[in-house]
Amino acid sequence: MSQVVRAFRPVVDNDKCIRCGNCQTFCPEGTVLLTGEGVIHDYRYCTGCGICANECPVGAIEMVREGAG
Amino acid sequence: MSFTRMMEGNEAAAWGVKLSRVEVIPVYPITPQTELISAIASMIASGEMKAQYIKVEGEHTAMAAAIGASAAGARVFTSSAAQGILYMEEALWMPPGMRLPIVMCIVNRALAPLGGLRPDHNDSLLQRDTGWIQLYCENSQEVLDTIIQAYRIGEDRRVYLPVAVCYDGYFVSATATPVTVPGQEEVDRFLPPYKHELYSLMPEDYRRPQWGTNIARARYEVQKAMERAKGVIEEVDRSYRASFGRGYDGLLEEYSCEDAEAVLITMGSMTGTARDVIDEMREEGRRIGLVKMRCFRPFPSEELREMAKRYHAIGVVDRNTSYGSAGGGIIALEIARALYPLDDRPLLLDFHVGLGGSDVTMNQIRYMADRVLEALDRGKVEEEVEWVELLDLGEVM
Amino acid sequence: MDKEKIFEEHYKRSLIRAGTACCPGCGGPLFWRMALEALGPKTIIYGDGPCAYCAIRNILVPTLGIHFSFVADGATGIAAALAAKGRDDITVVSSAGDGATADISFNKVSAAAERNENIIQICIDNEAYMNTGIQKSGLTPFGAWTTTTPRGKETPKKRIPMILAQHRVPYVATVSVAYPADLKAKIAKAKGIRGFKYIHSVIPCPTGWRFDPAKSVEVVRLGVQTWAWPLYEVENGILRLTVKPKARPIEEYLMAQGRFRHLTKEEIELIQREVDEERHRLLEYDGKSIIH
Ligand code: SF4
Ligand code: SF4
Ligand code: SF4
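Chains as they are written, first to last, in the working numbering: chain L, 1 to 69; chain C, 1 to 397; chain A, 1 to 292.
Chain L extracted, bound-state conformation (with noise of 0.2 Å):
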């Protein structure tokens, strides 16, 4: 299994998300989850496109550098 090679990674801040489920829907690779729990991240596979991030309506989706603390 290999692992991604990417610049950055979207973080979700939960309390910020309304639970569209937008970043699920147009997530490429199926990385990202819509769960009870709220929004969850599959860093293994992320690509770290930003799209989740670009299409999130209420920007609860941020793209962090890789390796910035």
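Simulated from the structure, these hints should not be mistaken for lab results.
Treat the numbers as computed from the prediction; the structure is a model and nothing was measured.
What you were told as hints is all true, and nothing was included just to trick you.
So the derived label-pair ranges between C-beta atoms look like this: (1) A:86 - C:38: 22 to 32 Å; (2) L:67 - A:251: 36 to 46 Å; (3) A:291 - C:38: 27 to 37 Å; (4) A:88 - C:48: 16 to 26 Å; (5) A:114 - L:13: 51 to 61 Å; (6) A:280 - C:208: 48 to 58 Å; (7) A:40 - C:114: 50 to 60 Å; (8) C:41 - A:212: 52 to 62 Å; (9) A:247 - L:5: 33 to 43 Å; (10) A:189 - C:208: 28 to 38 Å; (11) C:198 - L:36: 42 to 52 Å; (12) A:8 - C:188: 43 to 53 Å; (13) C:45 - A:251: 55 to 65 Å; (14) C:188 - A:236: 42 to 52 Å.
Quick reminder that beta carbons are idealized off the backbone N, C-alpha and C, glycines included.
Starting from the structure of chain L, add chains C and A with the ligands where the hints point.
Only chains C and A with the ligands this time, still in chain L's reference frame:
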């Protein structure tokens, strides 16, 4: 119930396909195989035969559809000739590597330009490196029998390779010779239904061969399958003889070879004419025999080596050209390689003849046989390669 | 349940695993994710797309691919094998990219349509030969930069969906990953129809179209909103526009992508005129037969 009547090669092929209970038939017309696909269409239209008959838009698609159907678990047949085979070539490479036992008739026809409607063998011989088993038939009966055998050979788990059943356009495809058509129950006993152990595209049972990353290994597997196919071809032919009372001696047939010192090697319909000439010459006390090459792929190297111990001169009748080759036609080149390791090699003469579909006449065969015996007497070959049609043999054309 | 397990189950349910070989932001896996939801597990997929097998090899239903010069042909064989075995519970999908569909194998798609093969033919259209490194195809739009059209393509995109509709097949539809409900409804409908169905999806290709991958869905949404990529279906010859947005200027779509950045004002106006004409035509025929 079996019955016997006169039948052209194409009609005999259609019977072979019907008796083999083929399920999917993607085809595209080209002379001289068109009568074959029309005969199949009539059999399906009349309800005698049940198969999915797909009238595709070209030979490339015919082979691709055959691949899809074969991988999805259906027994498949297709056929073509000449330019059709060349147009199909990209697809032809797929079934061997994918290990799909498709059966195809190649109704040999000379290639354009410098061709015509009649046969030479370049169309099928050009596919020699693709991984298709190639069997060549002499007459209508052999066409029918070989198609049934071809499914047993290709679908054998030791083989899993596609089989080309080749026969000469016009001389076999459109010439009526007596054919005994076996009964369906007999054929059913001989040929079990198609079941591929490596493949299923059905969602409930999905499996496909995995080649891994070592491509050389996967290719080596195809090579091994080809080598195993020799034994299977012989075994299937023996079992066919036991079931139907007819057989073809597996890979090579030796005709009238008892105490012969030299042989001519032929392939396809010209063999019939050659038999007559050899019969005549034997009566004259000449010590020449005939070897019919039935199987060109896998190439019967060991069998030829065995023969080379008995015959001291070999004349190869090459109904093909290989421009600028190491010397002569494709069959002679292969035979030379097969015999090279022998310490005591026979003399080897090669003849180009029957090119562009012209007749291979009795005169020409006698000329070639004479040349082989002459070389034997002198103990050396004067001319390694001769173009027999360029010679004035006093033929009445 | 731990997170990895939740995701593994999610991938299984989606019939496509994460970790494709596609570029970040590629519309290909996104298309398949949506399509497979509508198709379900009793599906066999023949062919490739986009960018060869970058997404296909992660698909969990049976797949068979040969090479990109093989479109619809093998699917025809698979459908015939299923017919021979009386399996009418399985959907056969044939998939190909734009170059395969519109150029090298166009004869094959056309012939399968003419034979009315019982398959869903899908074109995953990234508007150029991307696998080989961005070369022009018959579906590259007018003006687009590719490595073989360094000054922009001189001729327009072939209207393949309309050409196939004129084959009088039962169903033709255009879809976009920016409109998931529309996409899934059309594929579900296609699945329920016997005969030849054609689905054409333009997918965003951040690598070849030159934009930030985060904008993938936004860019193709603009394609629909500007009517560069109208969404319609043709069922038994009757055209129906399924999404009718108020038209935004084409410039917004074009300027969102690097491949159109060199276009002059005049060229953009020309493209706008053509898009307007097509929009009017489509609106005029909406609800009517386009088969003459
Ligand atoms: S960054 Fe891209 S790949 Fe990662 S979860 Fe978001 S949409 Fe999916
Ligand atoms: S798109 Fe944003 S608001 Fe919607 S579910 Fe995802 S994180 Fe929450
Ligand atoms: S080049 Fe384009 S279509 Fe191909 S994988 Fe990358 S983004 Fe997808």
